[in-house]
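One letter stands for each residue in the lines below.
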Amino acid sequence: MPKKILIVDDDPDLVEAVSMILESKNYDVAAAYGGVEGLEKAKTEKPDLIVLDVMMPDKDGYAVCKEMKADPNLSKIPVLLLTAVVSKIPTTHYTQQMGLETEADDYIDKPVEPAELVKRIEALLSK
Amino acid sequence: MTEHADILVIDDEQIMREGCSRILSKEGWSVAAAENGEKGLEAIQGFPDKFDAILLDLMMPGMSGMEVLDRVRNMDSNLLVIVITGYATVESAVEAMKKGAYDFIPKPFTPDQLRIVVKRALERRSLQKEAEFLRREREKSLHDVATEKSRIKTIIHCMGDGVLVCDRDKYIVLTNPAALRMLNIPEESLFEKPLSQSNLPPELSRMSDETLSRKEKGYASVSQELTVGETFLRAHSAPVTNDLGEVLGSVTVLQDISYLKELDKMKSEFIAMVAHELRAPIAAVEQQLTVILNRLAGEVTEKQEKMLSRAKERTRGLLTLINDLLDLSKIEAGKMVQYKEPLSLQEPIQRVVDLMRAEAENKKIDLQFLSSPGISLIHADRSSMEGIFTNLISNAIKYTPQGGKVWVTLSEEGGCVKATVSDTGIGIKKEDLPRIFDRFFRVKTSETREIIGTGLGLSIVKSIVDAHLGSISVESEAGKGATFTVLLPKEPMSTAGMQEK
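Line by line, the protein sequences give chains A and B. Be aware that the first sequence starts at 130, since it is given in the working numbering, and climbs by one per residue. Be aware that the second sequence starts at 381, since it is given in the working numbering, and climbs by one per residue.
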């Protein structure tokens, strides 16, 4: 039984590309194109892990993450935040602080390197 | 020689007129004559200043001398009138003197007597003139002072900038409506107590202290930003000194810079918005390229791979540029280095070196970090420090050919912690060195053409170093590698050796 991963990002092209990476590793992939839809699908699809974009127009990733962690049915699902910061000045403070506050389990800058993404996901799933 | 003077002789006797004229002309004075009162008055009328002295016969047919005297005095009380009296008319002489005649001369008189009397009158006249001149001068300068005062007052009151003038004891002695508006307080509450006890922002009192305690001569001003409610103010303070250089008080000028702050904020927000809008689609494109290059969307020919790789390098360059712009706008907004804390520089450098190791190994570059033990703490923002060394080390790797060497050192020098990043790379030409920290400056040679960069990295590094009150310098020669040296002041309370691990 393959693990199911929910990708939440408002950019369909990015969702498609990340899906292809995950499908190549035989994950079952579901997609949502906004924060609100992401929360819905987290409930209905019952994924094993969520890849969650931070910047979304309707509800941002931090808010989605916060609501999930507050919901006993969803709080166990690991969340990998997709941060849009590829800054040369690593905003570790920012991302770490925000990550801690929102209790995200890990974060990765996008665009992602396929091998790195898979490595992080495997690590989270094996916890 | 006596000064020139104009004298009028009013006498009905021709012999007297001619005699006087002759005697007085010899003294160099101009003499005019009138044969009766009416003619005399006519000559004076309209030109009261024309005559310095008037010789007036009291006994004349027609209009009497006394009446002429009255009229003359009415015209101009300053006119000097010498009355000529006959024998046994002492009473009339006394009466004339009472009416304001300056002097009298009884008939008959000798030429000497006439000269003496007239001379004395003319001396008096000249004193009178001088006194008048001085009086006018004084009036004029009083008037000038009043004008100047009123002008300065008007200028201060019309100014858009706020003005606060304090005396030596820091009591406010002058202010203007703009200052009251900016500080949002009523005028009454300002006077009669020292600045420190007023409910003004404490910065103003501190600035005034600093200004008043200034020892050095010459113009020196202190300037600081402060906020009053929603208003951003910039205050400039300068001492008022007397001609001995003693400080008598201070002048503080307040500038409302809220709109500049607002503009700056809008600019930063605009840049941030544009950058974010650009970043999302470019990140998506790069993600797609990454997927294709990883053969996740089917086979890729060698030629396609080459082109797509190059395309990915370009999107990476764009993303770097966008991020650099965002960093720069954050630095400008003062948001970049907000979390200053006591920090051991060793930790962020070690972290960056570890992160960069893979990149160095790809190019077979030997990357080393050498730190002296027990380096003092600095007061700095951790992520900004990582930013500095990410930039410097990734540059060093970028501009060093395969098989080269990059080494980072950390030591102390005086009151500073000193970090250096050196490489055996292509180096920097002497003429390019002065511009190396400028925005968008990139060294253009055949060797750098293939290297993607924005020309913002080193200017960001410099901005961060500046924001930490440090300094950065570079030593290099074309072909002989480069060494960047960063000096950052030690944390004031730092104890050496505490961070040894």
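A couple of the hints might just be wrong.
With a straight-line Cα cutoff of 25 angstroms, these simulated PhoX-like cross-link-like pairs (lysine-lysine) come out [to be verified]:
(1) A:198 - A:175
(2) A:248 - B:692
(3) B:645 - B:842
(4) B:720 - B:860
(5) A:154 - A:205
(6) B:743 - A:154
(7) A:248 - B:720
(8) B:778 - B:743
(9) B:683 - B:645
Simulated from the structure, these hints should not be mistaken for laboratory data.
Status of each hint after checking the structure:
1. Restraint check: the Cα-Cα separation between residue 198 of chain A and residue 175 of chain A comes to about 14 angstroms, which is no more than 25 angstroms; the hinted pair holds.
2. A threshold of 25 angstroms between alpha carbons decides the hint, and for residue 248 of chain A with residue 692 of chain B the separation of about 22 angstroms falls inside it, so the pair holds.
3. Among the hinted pairs, residue 645 of chain B with residue 842 of chain B is consistent with the structure: their alpha-carbon atoms are about 22 angstroms apart, no more than 25 angstroms.
4. This hinted pair does not check out: residue 720 of chain B and residue 860 of chain B have alpha carbons roughly 36 angstroms apart, beyond 25 angstroms.
5. For the given pair, residue 154 of chain A sits about 23 angstroms from residue 205 of chain A by alpha-carbon distance, which is consistent with the 25 angstroms threshold.
6. This hinted pair does not check out: residue 743 of chain B and residue 154 of chain A have alpha carbons roughly 30 angstroms apart, beyond 25 angstroms.
7. With a C-alpha separation of about 34 angstroms, the suggested pairing of residue 248 of chain A with residue 720 of chain B is violated against the 25 angstroms cut-off.
8. A C-alpha spacing of about 9 angstroms is found between residue 778 of chain B and residue 743 of chain B, which places the hinted pair at or below 25 angstroms, so the restraint holds.
9. Of the pairs offered as hints, the one joining residue 683 of chain B and residue 645 of chain B is violated, with about 47 angstroms between alpha carbons and a cut-off of 25 angstroms exceeded.
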